[in-house]
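Trainee: Whenever a hint applies, use it, and build me the whole structure from the sequences.
Residues per chain are reported as follows:
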Amino acid sequence: MNILLIEDDTIEVMKLQRTVSKLQMKHNIVKASNGEEALKYLNEASILPDIILLDLNMPRMSGIEFLGILKEHNTFKYLPTIILTTSQNRADLLKCYRIGIAGYVIKPLKYEDYQTKLQKVLEYWDINELVKANTN
Amino acid sequence: MDSKEVTLLKKALERQKKARKQAERILEEKSKELYDVTHHLQEANSKLENLLSEKTSELDGVFINIIDPYVVMDLQFNVINMNSSAKEFLGYDHTREKLNLAKLVHKDFVAYTTRSFQSLIEVGTLKNYRAKILAKNGTENWVQINSSLIYNSARKPIAAQGIIRDITQEMEIKQLLSEQKRQLDIIVENSPLGIVLTVNGKIVKANHTFAKLLGYTETELKQLHVKDISAPEDIPVSQELMVKMNNGELDKFSIIKRYFKKDSGFLLARTLVSAVKDDTGKVDYQVALIEDITKEREAEERLKNEREKYSNIIANMNLGLIEVDNEDIIQLVNQSFCKMSGFDHNDLIGKKASDILSVRNKNIIVEKQEERIAGKSDSYEIEVLNKQGELRHWLISGAPRYDDTKNVVGSIGIHLDITDQKQLELQKEKLLEELEKSNEGLQEYAHIVSHDLKSPLRSISALASWLTEDYHDKIDDNGKFNLRQIQEKIEGMDRLIDGILKYSSIKDTTLDNTLVDVNEIIAEIREIIFVPQNVNIIIMNPLPKIKVDRTKIYQLFQNLISNAVVNIEREDGLVKISSKENKSHWEFSVKDNGIGIAKEYHEKIFKVFQSIGHNERSTGIGLSIVKKIVDLYHGKIWLESEVGQGTTFYFSLKK
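Listed in order, the protein sequences are those of chains A and B.
Counting the first sequence from 1 gives a position; my numbering is that position plus 3.
Counting the second sequence from 1 gives a position; my numbering is that position plus 151.
Simulated from the structure, these hints should not be mistaken for laboratory data.
Just to be clear, a hint being listed does not mean it is correct.
Quick list of in silico lysine-lysine cross-link-like pairs, DSBU-like style, CA-CA up to 30 Å [as the list claims (entries may be wrong)]:
hint, chain 1, residue 1, chain 2, residue 2
1, A, Lys25, B, Lys653
2, B, Lys653, A, Lys123
3, B, Lys653, A, Lys98
4, B, Lys490, A, Lys113
Mentor: Following this line, the structure appears as structure tokens:
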């Protein structure tokens, strides 16, 4: 799968990469540090990601803002977007589901727990029929 | 003529002579008899005549001139004689028809008549016989009869004579008088006024009312002098007036004075004294009308006090008072109104209120004025510019004004300047709005802070675990221990952040109250939290369904049950949950047989960050959250505990 990880925290990026490589999963991870960067990538990319993992709290453009724009877009709106956040804010959760998300995963404190959770998420999406959308 | 003839004639004559002589003799005999009888009769007659003439002559002289009816009757009441006046009065004439007087007596007087007649027979005279009789024409007449017996020469009563006087009118007057006296008595006795008749101050008569007012009997009062019952300080004045009245300077006078009551206390009374004079103008009596005005005085006094009180209130109140007529012309304003409006008294009186006062919304004034004319009262708010042009808010209580005949003649308005309150109200609204915003902001802030604190914790945790994993062979046991310590501290901090976030998010504005089955909540918690093998959670009685915010009640029980479970060290660990209902609250308890809490901590444990647990995992926020939720539901939380025996937490939630 092509995974777009939108995350400003380097360690978080490392956590995902380490999880993927350790579990010997064959996923291609593209990272963007914030919403703006992600949009830029999506607009320029020849192949769209299969899923998006989206952090909420980011500088410049927050995850929710990005999500809003994404879901307004004719093509991008089909991209399954899974929120990956530390925030347990119920207001955020409701807002995200209202706009349209494919999942809402809270980052656990322990790395081991993170690994287990992310393994499940990725495995789940791996068995899903994906949009495989093109930019055109 | 021949002798034969003569002889024959002579013989015939002789025969006739003889016959006549015989007849004469018979006649003589009869005459004698007749004479004897006549003589006898004459004798008797003359006796009677003597008596009659004697009496008649005696009486004729008296009665000849009497125009009153005069009747002589025998002792069987049969009329023997009556004069023309009697005939006229009674309507009967004894010469034409037999008349028995007994039959004329009115039935009510028959017995009386019998008695009277008896007395006449015994005494010989009867005076003042009074009875009603029926005349021939059927009219009833009151008569007074004076009568006497008529005796024969043997002094035996043979008849009675009487003079009848028609006293019908007299009786009517008498009856009328007695009726009037009775009426007068009724008036006097039932009068609410005390009525006293005095002669030179000596009481000769007093009515019942007066006696009752003073508590004396009427008889007792007759022993008294007015002075005896008058307050000494009133005596000079009344005496002075009395002198004037006796001098003829006054016919009557009125005075308010006090009378002593028999027992104690006094009666305050308005007394009207009038002189009753004889023909010569000398004062015979004084009539005094006494009116008890004690209550009237009290009422007046009360009214006066009341009036004073209200006028004081009106004068000193901070409420503006204005009276206008039906044309909205100002009739009266008080000082406060002048102060409120900024105008002088003179600026306002006589002016049209709606002209001089700059009310923002004039329509409301017109509308209210119509309501007043219709007799309605109510209160309303207006915005008005005072003389200085400042905007003021007034609360007006308006009511119609009536004249004596209940016609609406205008309206009266009480004005309260509520500008300050109004501003406060606006300020309050603004503050509330700001508070809400800032609350929201804070909430947001709490989330951001917790996120920003938690994120690095996750990074540190990940890095520490990678160190452990990647350099497993290169780090000695001491290093590995330290790395584990790092992880534990990180976990503690993470829980703390969670706790603070939860604590800060408990607010009543976000309560989402629904009917929640507490049994279900406990069942869920039992599933979720870690319950060691040695502990049993038991629900003691079916728990109620209550209207609460599900999340909050869940947090509440979760914290209490977790605490209970964690603090049990013994093998037969038991957590008992029960509830009871009282009038206003639900009361729940969570009882454990754990290590217990020392008395000195019973208060302290509900404060934020006050952990007394030996447990490393305790953040000290759990019970603070519990307390905050209980507070939200206007309840109480308390505990009973004995170290080594266990702890029971009680809390109540308002229904």
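Trainee: Now, for every hint given, state plainly whether the structure supports it.
Mentor: A quick look at each hint next to the structure:
At most 30 Å may separate the alpha-carbon atoms for a hinted pair to count; Lys25 of chain A and Lys653 of chain B exceed this at roughly 35 Å. For a cut-off of 30 Å, the pair hint linking Lys653 of chain B to Lys123 of chain A stands: about 28 Å separates their Cα positions. Taking the CA atoms of Lys653 of chain B and Lys98 of chain A, the gap is near 20 Å; set against the 30 Å cutoff, the hint holds. Taking the CA atoms of Lys490 of chain B and Lys113 of chain A, the gap is about 74 Å. The hint is violated against a cut of 30 Å.
In this structure, the hints that do not hold are numbers 1 and 4, in rising order.
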